[in-house]
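Protein chains: 2
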Amino acid sequence: MSLGPVAVVGVGLMGGSLGLALAGRAGAREVRGVDPDPEALRVARAVGAISHAAESVEEAAAGAEAVFLAAPVPLLPDLARRALAASGPDCVVTDVGSAKTGVLAALGDAPRERFIGGHPVCGGERTGVVFARQELFQGATWFLTPEPDARPDLFERLHGLVAALGARPVAIDPDVHDRLMALVSHLPHVLAGALVNQAATTAPGGREALRSAGPSFVDLTRVAGSNPPLWADILLANRAAVLEAIRGFATGLADVEAAVERGDREWLLGFVGRAAEARARLRAAADAAPVAPARVVVALPNRPGALSEIATALGHAHINIEDLQLRPGPPGGEGELELVVDGDDAAREAVRLAAERGYRVRRA
Amino acid sequence: MSLGPVAVVGVGLMGGSLGLALAGRAGAREVRGVDPDPEALRVARAVGAISHAAESVEEAAAGAEAVFLAAPVPLLPDLARRALAASGPDCVVTDVGSAKTGVLAALGDAPRERFIGGHPVCGGERTGVVFARQELFQGATWFLTPEPDARPDLFERLHGLVAALGARPVAIDPDVHDRLMALVSHLPHVLAGALVNQAATTAPGGREALRSAGPSFVDLTRVAGSNPPLWADILLANRAAVLEAIRGFATGLADVEAAVERGDREWLLGFVGRAAEARARLRAAADAAPVAPARVVVALPNRPGALSEIATALGHAHINIEDLQLRPGPPGGEGELELVVDGDDAAREAVRLAAERGYRVRRA
Numbered sequence: 026m027s028l029g030p031v032a033v034v035g036v037g038l039m040g041g042s043l044g045l046a047l048a049g050r051a052g053a054r055e056v057r058g059v060d061p062d063p064e065a066l067r068v069a070r071a072v073g074a075i076s077h078a079a080e081s082v083e084e085a086a087a088g089a090e091a092v093f094l095a096a097p098v099p100l101l102p103d104l105a106r107r108a109l110a111a112s113g114p115d116c117v118v119t120d121v122g123s124a125k126t127g128v129l130a131a132l133g134d135a136p137r138e139r140f141i142g143g144h145p146v147c148g149g150e151r152t153g154v155v156f157a158r159q160e161l162f163q164g165a166t167w168f169l170t171p172e173p174d175a176r177p178d179l180f181e182r183l184h185g186l187v188a189a190l191g192a193r194p195v196a197i198d199p200d201v202h203d204r205l206m207a208l209v210s211h212l213p214h215v216l217a218g219a220l221v222n223q224a225a226t227t228a229p230g231g232r233e234a235l236r237s238a239g240p241s242f243v244d245l246t247r248v249a250g251s252n253p254p255l256w257a258d259i260l261l262a263n264r265a266a267v268l269e270a271i272r273g274f275a276t277g278l279a280d281v282e283a284a285v286e287r288g289d290r291e292w293l294l295g296f297v298g299r300a301a302e303a304r305a306r307l308r309a310a311a312d313a314a315p316v317a318p319a320r321v322v323v324a325l326p327n328r329p330g331a332l333s334e335i336a337t338a339l340g341h342a343h344i345n346i347e348d349l350q351l352r353p354g355p356p357g358g359e360g361e362l363e364l365v366v367d368g369d370d371a372a373r374e375a376v377r378l379a380a381e382r383g384y385r386v387r388r389a
Numbered sequence: 026m027s028l029g030p031v032a033v034v035g036v037g038l039m040g041g042s043l044g045l046a047l048a049g050r051a052g053a054r055e056v057r058g059v060d061p062d063p064e065a066l067r068v069a070r071a072v073g074a075i076s077h078a079a080e081s082v083e084e085a086a087a088g089a090e091a092v093f094l095a096a097p098v099p100l101l102p103d104l105a106r107r108a109l110a111a112s113g114p115d116c117v118v119t120d121v122g123s124a125k126t127g128v129l130a131a132l133g134d135a136p137r138e139r140f141i142g143g144h145p146v147c148g149g150e151r152t153g154v155v156f157a158r159q160e161l162f163q164g165a166t167w168f169l170t171p172e173p174d175a176r177p178d179l180f181e182r183l184h185g186l187v188a189a190l191g192a193r194p195v196a197i198d199p200d201v202h203d204r205l206m207a208l209v210s211h212l213p214h215v216l217a218g219a220l221v222n223q224a225a226t227t228a229p230g231g232r233e234a235l236r237s238a239g240p241s242f243v244d245l246t247r248v249a250g251s252n253p254p255l256w257a258d259i260l261l262a263n264r265a266a267v268l269e270a271i272r273g274f275a276t277g278l279a280d281v282e283a284a285v286e287r288g289d290r291e292w293l294l295g296f297v298g299r300a301a302e303a304r305a306r307l308r309a310a311a312d313a314a315p316v317a318p319a320r321v322v323v324a325l326p327n328r329p330g331a332l333s334e335i336a337t338a339l340g341h342a343h344i345n346i347e348d349l350q351l352r353p354g355p356p357g358g359e360g361e362l363e364l365v366v367d368g369d370d371a372a373r374e375a376v377r378l379a380a381e382r383g384y385r386v387r388r389a
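Those sequence lines, one after another, are chains A and B.
Each residue of the first sequence is one higher than the one before, counting from 26 in my numbering.
Each residue of the second sequence is one higher than the one before, counting from 26 in my numbering.
Don't take every hint at face value.
Stretch-level coverage of chain B by chain A, calculated; a stretch enters the list once three of its residues show a Cβ under 8 Å from a Cβ in chain A [as the list claims (entries may be wrong)]: (1) 123-134; (2) 258-268.
Derived CB-CB ranges, DEER-like [said to hold, decoys possible]: (3) A:Thr226 x B:Ala130: 27 to 33 Å; (4) B:Asp370 x A:His77: 51 to 57 Å; (5) A:Glu381 x B:Gly164: 55 to 61 Å; (6) A:Arg387 x B:Glu302: 57 to 63 Å.
Think of the hints as simulated: they come from the structure by calculation, not from any bench.
Just so you know, these numbers come straight off a predicted model, no measurement behind them.
Quick reminder that beta carbons are idealized off the backbone N, C-alpha and C, glycines included.
Given the sequences, and given the hints that come with them, work out the whole structure.
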């Protein structure tokens with residue numbers, strides 16, 4: 026893949042790794058970096074994460090083909106508006122924030138058809154560009170949240186870029202994304218932090234008693250305390266969904282408490298048993314054998330939202346789009362969308378989902 | 026170490042591993058096993074975990090030097106009474122249950138000076154004697170809960186046996202043990218189960234959405250759903266401490282909820298920051314460099330409870346007693362207790378703790 030200039034705004038662990046992967050795996054010859062910290066920029070250049078240090082988002086975005094916003098979550102709305110304003114009509118702007126609805130809601134009258142939210146589900150315990158590595162995204166799920174007005178050609182480009190970085194792009198509705206992340210990432214971080222803090226303050230025999238903690242405590246608290254500013258910001262950026270998840274958890278915990286209190290062994294057996302089944306399903310999904318890729322071709326009407334709708338429907342159905350190609354039709358006419366998915370079952374389901382939504386679709 | 030007959034009551038993963046380690050590491054030539062499941066006994070004999078299958082606890086305990094109760098927690102009180110009644114005046118009876126106050130409270134007028142509760146902090150994801158292995162206890166903390174009336178010579182024997190099995194014996198007050206385990210083991214299991222159940226029932230995009238769960242969710246739920254009957258029993262056996270831990274956790278979680286709701290970034294920074302500090306302390310403790318053993322000799326008055334008191338004081342102070350030797354004095358007179366601990370600092374602290382309690386004590 027040959028790629029014009031790209032910009033990375035914020036060169037920490039994530040932005041630095043992005044720069045390395047864009048240069049090393051996606052063939053970007055010019056990676057422009059922006060960061061308020063001159064030392065981060067210096068290191069980023071030294072390790073080859075960026076080829077140019079820009080003075081501002083505007084300078085980095087001008088003439089870029091893609092802008093990746095890898096800054097702290099609270100800064101994303103402003104950075105997105107500035108990057109959209111400063112970049113050309115053919116530039117896709119995306120971010121890597123852990124919550125998606127907020128930044129989309131804050132775009133206002135910016136040219137939002139060029140913004141597609143993103144979220145690579147990966148990271149490292151240690152932050153900063155010195156720990157950046159281009160393999161960071163290898164095999165990771167990378168959520169994309171194209172809205173109906175997102176430009177299909179820009180979605181195609183971003184999808185291809187994400188795949189080139191080694192990640193698995195998954196289109197998802199921003200609201201579904203935020204509720205899912207609240208449940209499987211933000212809530213776990215809250216639980217881990219609350220547990221380690223409770224243990225540190227109330228463990229009988231003093232804090233040092235924790236030395237005798239077994240593997241379950243170590244597992245449960247592994248993510249506790251990582252990067253306080255990042256996590257404070259994420260919890261607040263995804264406030265509504267995080268509150269819903271915490272409240273749901275508190276209700277579930279109160280049920281366990283009540284069962285223990287009344288000595289209800291049957292209920293507790295069911296509780297642990299259901300968890301065993303859920304864990305087994307998770308494992309089965311993770312261990313699923315790889316299958317041969319299969320192709321699906323959808324006739325794409327010349328109207329906004331079609332590609333986003335199809336990609337998101339497949340994302341929600343957990344159909345992995347390995348590759349995606351747009352073939353424009355005659356001006357004003359139908360184009361074609363070719364999708365490569367994981368195996369026959371997925372292709373059959375993709376055909377069903379597209380047909381159900383009124384598209385002409387076939388196996389290829 | 027040469028060892029007379031020992032009995033293992035319950036030959037699952039734990040009892041089977043005990044049998045293998047007693048024979049393979051502690052030099053037991055006769056390991057008697059008891060189990061209601063004849064197939065478990067057959068496998069235990071086939072893999073060498075036991076040398077004799079006994080028909081009853083009474084048969085196994087008669088003439089044994091030590092009886093290890095490795096049965097489900099609810100059965101322990103009755104088994105302890107039966108083993109104490111059937112065994113000779115020189116036999117130590119212990120258990121490996123995850124909660125300690127209940128079994129001690131249920132001993133009644135049994136010869137409790139021969140019972141010393143135990144709890145090896147280890148296990149495996151898979152249960153049953155077929156997964157038994159003699160290395161199971163290697164490096165594990167093995168809590169011992171000697172009460173004041175526990176016989177010093179039997180405590181010495183059990184301490185030595187546990188060390189011979191490869192574990193690190195740590196004396197602890199039974200109540201402290203139960204509250205500590207509620208916090209660092211039982212509560213984590215409850216949290217993991219509640220989280221995986223919540224995710225399985227409420228994840229947007231359906232259960233399969235969990236495939237996209239990141240590493241924090243995987244970490245948090247690793248212990249979920251393991252062995253429903255075992256865990257239902259543990260939660261009920263340690264009911265009071267588990268309820269206290271759940272309630273403390275619910276309070277902490279409500280604090281996080283309130284901070285997220287009012288958008289209190291400072292509070293959240295403190296919350297995650299404290300967790301980071303607590304985690305760092307845990308790691309520092311785990312990574313502490315090994316030190317040279319040091320010896321302490323305590324003059325042991327001829328009264329019950331002295332050894333239990335000293336061992337428990339050291340256990341609570343996290344001073345690892347690597348070896349322990351009793352040298353009886355003249356009839357009715359003072360004996361000597363020689364302790365090997367981890368390094369000079371620990372020895373100094375052990376001297377202070379013993380002196381503080383009125384014992385004559387010196388470095389050796």
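Query - Hints breached by this structure - result: Number 1 only.
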